[in-house]
Amino acid sequence: MELSQFIQDFASCFEDTDASEFTATTTFKDLDEWDSLTTLAIIGMCNKKYATKVTGAEIRESATIQDVYNLLTTKQ
Amino acid sequence: MYNPFSLQGKTVLVTGASSGIGRAVAVECAKMGANVVITGRNTERLNETFLALAAGEHLQIVADITTESGINSLVENLPKLDGCVNNAGIAQPLLVQQIEKQDINEVFDINTFAPIVLTQKLLSNKKLNKKASLVFTSSISGVYCSAIGGSLYSASKAAINGFIKGAALDLAGREIRVNSVNPGLIATNIFSEGTVTAEQLDEEIKRYPLRRFGKPEEVAYAVIYLLSAASEWVTGTNLKIDGGFTLL
Chain A
1 MELSQFIQDF ASCFEDTDAS EFTATTTFKD LDEWDSLTTL AIIGMCNKKY ATKVTGAEIR
61 ESATIQDVYN LLTTKQ
Chain B
1 MYNPFSLQGK TVLVTGASSG IGRAVAVECA KMGANVVITG RNTERLNETF LALAAGEHLQ
61 IVADITTESG INSLVENLPK LDGCVNNAGI AQPLLVQQIE KQDINEVFDI NTFAPIVLTQ
121 KLLSNKKLNK KASLVFTSSI SGVYCSAIGG SLYSASKAAI NGFIKGAALD LAGREIRVNS
181 VNPGLIATNI FSEGTVTAEQ LDEEIKRYPL RRFGKPEEVA YAVIYLLSAA SEWVTGTNLK
241 IDGGFTLL
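Top line first, the protein sequences correspond to chains A and B. End of the first sequence = 76 in my numbering, gap-free, step of one. End of the second sequence = 248 in my numbering, gap-free, step of one.
Be aware that a few hints might be false.
Listed next, with one range per pair, are the computed distances between beta-carbon atoms [as the list claims (entries may be wrong)]:
| hint | chain 1 | residue 1 | chain 2 | residue 2 | range |
| --- | --- | --- | --- | --- | --- |
| 1 | B | E57 | A | A63 | 51 to 61 angstroms |
| 2 | B | I99 | A | A63 | 45 to 55 angstroms |
| 3 | B | N42 | A | D30 | 40 to 50 angstroms |
| 4 | B | A52 | A | A63 | 39 to 49 angstroms |
Keep in mind that the hints were calculated from the coordinates and are not lab data. All residues carry an ideal CB built from backbone N, CA and C; glycine is no exception.
Input sequences plus hints: build the corresponding full structure.
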């Protein structure tokens with residue numbers, strides 16, 4: 001699992017935010033577009049692309065994209 | 001004692017009986033005097049339900065009714081039935097843009113196709129007594145409303161409600177009745193498996209005029225009504241059980 005690919009996949013869960021705004025240290029909950037819908041999109045993406053189930057609570061406890069990536073690596 | 005809702009002497013098949021609403025239906029039907037045949041995929045949890053049943057001539061049959069062989073072996077081992085309650089179901093929130101064919105198959109296999117195929121096989125194998133009652137656990141979702149990420153689940157349940165109407169017509173000549181219960185959010189494991197957070201559930205509760213989620217046995221009581229002689233003139237109907245949710 002590549003961090004750079006994961007960042008791209010993470011960015012694909014957002015409709016309006018430009019992909020260039022996403023890096024490992026992006027605190028994604030500060031993005032204007034962040035809401036419960038994007039949470040659901042990220043849960044779906046992790047399940048489909050990485051065959052890993054994450055919960056809404058785990059996403060909300062994560063601050064950066066790196067945190068979500070780390071979460072996934074510990075679960076895989 | 002006078003009780004038009006009694007299930008004394010009736011034999012009732014309950015699918016999805018290893019947990020949630022299915023388990024509550026099995027337990028409450030047995031309390032009302034029914035002989036219950038329970039089925040589910042998980043041997044251990046199905047047995048837990050079996051041990052919770054009040055005295056009666058009950059049976060448990062482990063089967064995966066999403067497979068042809070599973071459904072066939074279930075039907076072969078069934079006694080004649082006065083009722084069948086279809087509960088087996090899954091709810092996996094997924095946004096429309098992420099839906100793949102495989103997801104549609106997975107949800108429809110268990111929520112829609114299995115209960116329809118089971119109904120057909122009960123009929124063709126002559127497992128239903130005259131005046132039998134078929135009950136489907138549908139949902140408010142898809143029939144009265146939906147939720148974010150709920151499009152597939154809604155579609156699978158709406159399809160069931162369409163099926164019920166046609167089946168009620170096809171089977172009316174034999175006095176076999178076909179109805180659904182349509183619950184709002186019921187406190188079962190289907191929603192406590194992690195996709196929804198505790199905070200989201202707290203927020204959701206505020207949308208219920210009766211200020212709480214339903215209990216599995218509250219769905220079971222409606223099922224009992226539809227299985228009993230009390231509802232002999234009721235067919236093709238949806239019984240909404242939602243704490244007033246869809247009024248708002």
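Structure-based check of all given hints:
Between E57 (chain B) and A63 (chain A) the CB atoms are about 58 angstroms apart, so this pair conforms to the stated range of 51 to 61 angstroms. Checked against the given bound of 45 to 55 angstroms, the beta carbons of I99 (chain B) and A63 (chain A), roughly 30 angstroms apart, lie outside it. Separation of N42 (chain B) from D30 (chain A) is about 43 angstroms and conforms to the stated range, judged on CB atoms against 40 to 50 angstroms. Between A52 (chain B) and A63 (chain A) the CB atoms are about 44 angstroms apart, so this pair conforms to the stated range of 39 to 49 angstroms.
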